[in-house]
Amino acid sequence: MKMSWSKRQKLAGYLFIAPNMIGIVIFFLIPAIISFVVMFTDLDFLSKAPVNFVWFDNFVRVFGDETFYTALKNTFIFLLAVPVSIAIAVILAILLNNKIYFKPVLRAMYFMPYITSSVAIAFVWSLLLQPSTGPINGFLRSIGISDPPRWLASTETSMYGIDIIMVWYTLGFNMIIYLAALQEIPTDLLEAARIDGARSWQTVRRIILPLISPTTFFLLITGLMGAIKTFGLIQAITQGGPGDSTVVLSLFVYRTAFSYYELGYASAIAWVLFMIVLVITAIQWFGQKKWVYSN
Amino acid sequence: MSEETNKRLSRRKFVVLTGGALAASGLLAACGDSPTATAPAPTAGSATTAAGAGTATTAAASSGGVIKLQMWGGVPAESGPQKVADAWNAANPGIQVEYVRFVNDDPGNLKLDTALLATQDIDLFMNYATQKLQKRVQGGLVLDLATFKDLDIEAKVGDLAKPWKIDGKYYTFPTNIAPAYYWLNKSALDEAGLQSPALNWTLDDFKNYALKMKKGSRWGFVPWDIGTLYAMIDNSFGYVYTKPDGTSRYDDPIVKKTLQTIHDMMYVDKSIIPWGEQSSAKLAVDATFFKNEAAMLGAGAWIFRSSNNLKDYPHDFVSVFASVPRVSSDQTNYWQPITLGDALSISSKSKHPQEAYKFMKWYADGGMIPLTVGGRIPASKDFNQDDAVKAMLAGNDKMYDLNSVKSVIFNKNPPLTSTTALDTQVSDMIKEEVEKYFVTPSGNVDTTIGNIVRRHNDFIKTKK
Numbered sequence: 001m002k003m004s005w006s007k008r009q010k011l012a013g014y015l016f017i018a019p020n021m022i023g024i025v026i027f028f029l030i031p032a033i034i035s036f037v038v039m040f041t042d043l044d045f046l047s048k049a050p051v052n053f054v055w056f057d058n059f060v061r062v063f064g065d066e067t068f069y070t071a072l073k074n075t076f077i078f079l080l081a082v083p084v085s086i087a088i089a090v091i092l093a094i095l096l097n098n099k100i101y102f103k104p105v106l107r108a109m110y111f112m113p114y115i116t117s118s119v120a121i122a123f124v125w126s127l128l129l130q131p132s133t134g135p136i137n138g139f140l141r142s143i144g145i146s147d148p149p150r151w152l153a154s155t156e157t158s159m160y161g162i163d164i165i166m167v168w169y170t171l172g173f174n175m176i177i178y179l180a181a182l183q184e185i186p187t188d189l190l191e192a193a194r195i196d197g198a199r200s201w202q203t204v205r206r207i208i209l210p211l212i213s214p215t216t217f218f219l220l221i222t223g224l225m226g227a228i229k230t231f232g233l234i235q236a237i238t239q240g241g242p243g244d245s246t247v248v249l250s251l252f253v254y255r256t257a258f259s260y261y262e263l264g265y266a267s268a269i270a271w272v273l274f275m276i277v278l279v280i281t282a283i284q285w286f287g288q289k290k291w292v293y294s295n
Numbered sequence: 001m002s003e004e005t006n007k008r009l010s011r012r013k014f015v016v017l018t019g020g021a022l023a024a025s026g027l028l029a030a031c032g033d034s035p036t037a038t039a040p041a042p043t044a045g046s047a048t049t050a051a052g053a054g055t056a057t058t059a060a061a062s063s064g065g066v067i068k069l070q071m072w073g074g075v076p077a078e079s080g081p082q083k084v085a086d087a088w089n090a091a092n093p094g095i096q097v098e099y100v101r102f103v104n105d106d107p108g109n110l111k112l113d114t115a116l117l118a119t120q121d122i123d124l125f126m127n128y129a130t131q132k133l134q135k136r137v138q139g140g141l142v143l144d145l146a147t148f149k150d151l152d153i154e155a156k157v158g159d160l161a162k163p164w165k166i167d168g169k170y171y172t173f174p175t176n177i178a179p180a181y182y183w184l185n186k187s188a189l190d191e192a193g194l195q196s197p198a199l200n201w202t203l204d205d206f207k208n209y210a211l212k213m214k215k216g217s218r219w220g221f222v223p224w225d226i227g228t229l230y231a232m233i234d235n236s237f238g239y240v241y242t243k244p245d246g247t248s249r250y251d252d253p254i255v256k257k258t259l260q261t262i263h264d265m266m267y268v269d270k271s272i273i274p275w276g277e278q279s280s281a282k283l284a285v286d287a288t289f290f291k292n293e294a295a296m297l298g299a300g301a302w303i304f305r306s307s308n309n310l311k312d313y314p315h316d317f318v319s320v321f322a323s324v325p326r327v328s329s330d331q332t333n334y335w336q337p338i339t340l341g342d343a344l345s346i347s348s349k350s351k352h353p354q355e356a357y358k359f360m361k362w363y364a365d366g367g368m369i370p371l372t373v374g375g376r377i378p379a380s381k382d383f384n385q386d387d388a389v390k391a392m393l394a395g396n397d398k399m400y401d402l403n404s405v406k407s408v409i410f411n412k413n414p415p416l417t418s419t420t421a422l423d424t425q426v427s428d429m430i431k432e433e434v435e436k437y438f439v440t441p442s443g444n445v446d447t448t449i450g451n452i453v454r455r456h457n458d459f460i461k462t463k464k
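Protein chains in written order, with this note's numbering: chain X, 1 to 295; chain R, 1 to 464.
Treat the hints with caution; some may be incorrect.
If you only want the chain X side, here are some residues facing chain R, beta carbon under 10 Å, derived [claimed, not checked]: (1) 8; (2) 126; (3) 129; (4) 143; (5) 146; (6) 148; (7) 158; (8) 188; (9) 247; (10) 259; (11) 262.
When the alpha-carbon atoms are kept at most 16 Å apart in a straight line, the in silico EDC-like pairs for lysine to aspartate or glutamate are as follows [what the hints assert, rightly or not]: (12) 48(X) <-> 167(R); (13) 412(R) <-> 159(R); (14) 436(R) <-> 156(X); (15) 132(R) <-> 44(X); (16) 461(R) <-> 65(X); (17) 431(R) <-> 234(R); (18) 463(R) <-> 42(X); (19) 461(R) <-> 66(X); (20) 463(R) <-> 44(X).
I should point out that these hints are in silico values taken from the structure, not numbers from a laboratory. Backbone N, C-alpha and C fix where the C-beta goes; we use that ideal spot for every residue, glycine too.
Generate coordinates for the entire structure from the input sequences, incorporating the hints supplied.
Shown next, in the form of structure tokens:
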């Protein structure tokens, strides 16, 4: 059978996207559909008991579950790391975009954490943040803070300790993206500003920041989505402890599914998590008109 | 919108939905015990463990009907299990055992459960917690040992096997005695002018010992994990966690006394390293004890693995053993945590259950002896306990206070009235609440107990 040219074109197109699509369908789409069905049931991973459709019971349980609210609170504290990391990344990128010494070395150094294993990060940071013998608290004591935070050893500060690690971890990636954005800024605009007598702060505020705002928007959206799903880093550092002070939603889902084998309930929590991501993204999407520059 | 498009849309929607449902049911069925499920190729891990002695015979005789058994366990192959498999394989050329290690944590147990569900490769596997076994039994993955008429587990290993019963039946053969107890540094005892603790010492005695033995940078006591710090509560309860009316028993004064004493030891006496520091620093507990940075260690038999390893854990003091202290001296039914562990089960999908059973009996009756250097003592009455202790001490007799070894490990417990363990969700919740209290210097014990009781009662209600 001979195919027409346009059909062959289409077929070639489908073949090209097939490897990716097959992966998405098998590992993402089908599990997502299954979890959508499962969330209305009381499915247990190993149990032979018949699976019942309990419909919205799982959601009633989520919203009555203390651990859910703890995890929700912890997740929001964890998300603070994203804007902080972005803010520091802008400053570093602008500095590193100028003529300074050891530029490639510094860039590589900032990017290093991003390609480090989270287990190694967990190990090093738990030493750095050690409350009595760690160098960070040693420094804080030397500048006169007699009672520094006990970081990962206290239920009140552990989430902020993880925030610090997360900022450090994502900084390099954010900075590299910003550096790329800075290269895109037309030099004539900067020159014109200089000729008009703009000081460097004014150039940054009026020209650079607005021009890289699409990048900021991109980093904020992907950063928040990535952070809300973060699992490995926290599992490696604290496993949710001390107490439940660093149990975020993703850890809560994992535990419910893979320690307690309550797949129905875990799917329901996962879909609530999805709704939260959706709402946060929607807010940003509609809010972007106010501050993101586009030509 | 015309009717035509409406129809088309709904038809398309229908196709998508059915497709999804089909895919879903297909996958779920694949997860179930469909007899057509194909066994995937052995994992890389199993391939490496197979590379021991005995592979030559296997290869040579594979056409001659050699039966292959696969056994999953949590102990690294090089710490004994490989020797066990080699010994068996040499003696039984017709039944070759291959050992596969899984890490005994949540992801590791999940891996085992998934393999039990989806493949037929596993013949024998180890259980390390009754809650995990219960899940496996509920999933129909475990063979009921009543199939083997000549087996009487309680006659073999005694009443201590009872907590491993699921719904009144034995699905598993607990093979080793896994007691939890305290290790004490004899030099530190002598320095402080203290005698070896009596078998019925109390929490207050313990507090006193820790305070007297802490010296300079040496702590009085270091726990293996947070559970060690409040094990006295479980020992007092003896598997009864609710009151006759079905509500939580955690408002018992024993709980308050235990938690408060340990908290005081951390922040008033400063004889125990504050839990937050220990956990956030991921302290190497056994090294802390053998480096003389803690005078007492709350752990159990598994420390023998480090203790007998004088190269990596050099120390020159004698280790004395003590039972876990009781909360008050009048507790007549205080239950020492002498449990049976390493519970060996046969997969319900095993194609060779008779051969697996033969191996199981051989293992329990002494085949497991290469694991004893790591503190694992055979529970079987048919194995001489003195020989087991001798193997455990690995020729380092002068490093241990022999009297206390035997009196603590073979300590007799009062009979149990109940043998059902706490649900994992509840024990995790209690751990969380206790941890919050232990890491907070100004923590309030009544709030902690209030939270535990409330959350425990909530759980009891949702289970109903």
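Could you check the structure against the hints above and give me the numbers of any it violates, in ascending order?
Hints 1, 4, 5, 6, 8 are the ones this structure does not satisfy, whereas the remaining hints hold.
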